[in-house]
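Number of protein chains: 2
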Amino acid sequence: MALSDMTLAELLKEQQRLVDAALDRLTPPEEVRPHTIHKAMRYSLFAGGKRIRPVLCLQAAAAVSGRDPEAVPGAVVPRAVVPGAMDAGCALEMIHTYSLIHDDLPALDNDDYRRGKLTSHKVFGEAMAILAGDSLFTRAIQVLTRIEGLDAAARLALVDELSFASGTVDGMIGGQVTDIESERKPPTAELLHEIHAAKTGALLRASVRMGAICGGATPEQMDCISRYGEHIGMAFQIVDDILDVEESSAALGKTAGKDEAQGKITFPAVYGLERSREMAAEQCRLAHAALEIFGDAALRLHEIAEMIVYRKS
Amino acid sequence: MALSDMTLAELLKEQQRLVDAALDRLTPPEEVRPHTIHKAMRYSLFAGGKRIRPVLCLQAAAAVSGRDPEAVPGAVVPRAVVPGAMDAGCALEMIHTYSLIHDDLPALDNDDYRRGKLTSHKVFGEAMAILAGDSLFTRAIQVLTRIEGLDAAARLALVDELSFASGTVDGMIGGQVTDIESERKPPTAELLHEIHAAKTGALLRASVRMGAICGGATPEQMDCISRYGEHIGMAFQIVDDILDVEESSAALGKTAGKDEAQGKITFPAVYGLERSREMAAEQCRLAHAALEIFGDAALRLHEIAEMIVYRKS
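Here the protein sequences come in this chain order: A and B. For what it's worth, our numbering labels the leading residue of the first sequence as 791, then goes sequentially. For what it's worth, our numbering labels the leading residue of the second sequence as 791, then goes sequentially.
A portion of the hints provided could be inaccurate.
[As the list claims (entries may be wrong)] Straight-line distance between alpha carbons at most 27 Å, and here's what the computed BS3-like set of lysine-lysine pairs gives:
| no. | chain 1 | residue 1 | chain 2 | residue 2 |
| --- | --- | --- | --- | --- |
| 1 | B | K975 | A | K829 |
| 2 | A | K975 | A | K912 |
| 3 | A | K975 | B | K975 |
| 4 | A | K912 | B | K975 |
| 5 | B | K840 | B | K803 |
[To be verified] Pulled a few chain B residues facing chain A out of the computed Cβ check, cut under 8 Å:
| no. | residue |
| --- | --- |
| 6 | L898 |
| 7 | I920 |
| 8 | V1060 |
| 9 | Y1061 |
| 10 | G1062 |
Because the hints were derived from the structure by calculation, they are not lab data. We put the beta carbon where it would ideally sit given N, CA and C, even for glycine.
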């Protein structure tokens, strides 16, 4: 089947397979000493992630470069034809995985399961889970400094992008800290937006920006792809919060979801369910609008925005 | 007083002051949100570290470039005349501090005090201590990507050097993991060398190599400075282990030091005290020999090697 004939679901499945293969290539094997840490890194990396960040990185690279991997005549699998985009996507997935391992620790969210599997500290103990998170962060940076097919300036730009998106000021750790400190505080719209723009938004925005760096984006293209990233990031979080409420209503026959039980500040808590749904749809419209300059090359990015907003889980 | 007239102790005090000022400049102020994380980062950064890694970085830069900061006529304070060396040194100190914060956690070494001050998790709680460690790592990379006065290739080389020295394969985290797993195992010479070359050696080696990158080292200079770094790294750890035994003998009137109590594998345990002292002196001699090509520009590196081996605490 030609790639352009694939549905988004089929394409995602193909790209997830390619991302998994690349992550395997880029992570030290269990046979390398010290064995335990590489086992722990791999356990969490291959625990069923949807690889949304690598896919965003790959598709943003395709959109800005015009080198749509799906346009290759007769190709039977999607290919990362933009140099570096696959490895940059894997670095993003490593950072995402490190953040999940540390978030799940007893001192933080204290989760025993994630995606139906035991969390890292339940399998390897707390010490090794802390170090596995640290190691995935380190490995992500190593992957970027040694990426092939890009010059030093582009590689440095990728490291810069990823490290600031992961940091304390408007970045992932900053959002995590604000989130922890906001528990049991009155949920205000300002606080809500501050948390989510940083905690999940910064890394999603970096995903498309890093793809754009690999694709050699012009400043105008970079502006547009950044806005796309911000809008899908916001949509992603709004829908996550909505699903938490809806799933617990369906499953438990009552309204208290996990977020509410933990006193987390959420979009439904601040705006109500109906208004939250409208806001997600509005973010989706803005994401589409931001892609205009890319024309047909951004087809898959349009589809991903729809998928994020209208997913059921 | 001219710098060249300063004793090493006076020079170190001056350089520590400059490093502290640079760390202050390179770390987000407490006033920046989220306040707590920046407070926690600063608490551990300014908890009385000796700044040995930044000083090694500065002095290696001076040695390879021949631009000895102490040779400035009439200068009254040491200056980091090699572009980037001070910031690279601060990135090293941030990584070192992150590793101490995570090592001290209850799940790892469970230390309540370090250098007479409460450890991060005792002051800020475990969640914030984990995130403060993560943040210092992130900040170190950010510092290197934005370093002034160096081109993209040199900045990328610094990130590469630091991330591999911090990693799982022959790097800091790898040594930490091997150390944890070796507790209560029979102490063999092979295991001992593997742990220390990685756990403390890799970052000390990176300290002088990063200084050499800033100073524009030739391949031959880089080889020599790397050997110097390996020898002082080994000497540093041997002497650390010896001091642990001697201090506890003096203080407690018995022989069991903290290392022995924890079942840690040490040089005195494997080789005995007398042979360990000889080995430290031998590493010092090899460090001196590695500096030969630098002539007088490496005066302070010679003195630092002596200080490491003949220190009393």
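Against the structure, the hints:
| no. | hint | result |
| --- | --- | --- |
| 1 | K975(B) to K829(A) | holds, 21 Å |
| 2 | K975(A) to K912(A) | violated, 30 Å |
| 3 | K975(A) to K975(B) | violated, 49 Å |
| 4 | K912(A) to K975(B) | holds, 24 Å |
| 5 | K840(B) to K803(B) | holds, 9 Å |
| 6 | L898 | holds, 5 Å |
| 7 | I920 | holds, 6 Å |
| 8 | V1060 | violated, 19 Å |
| 9 | Y1061 | violated, 23 Å |
| 10 | G1062 | violated, 27 Å |
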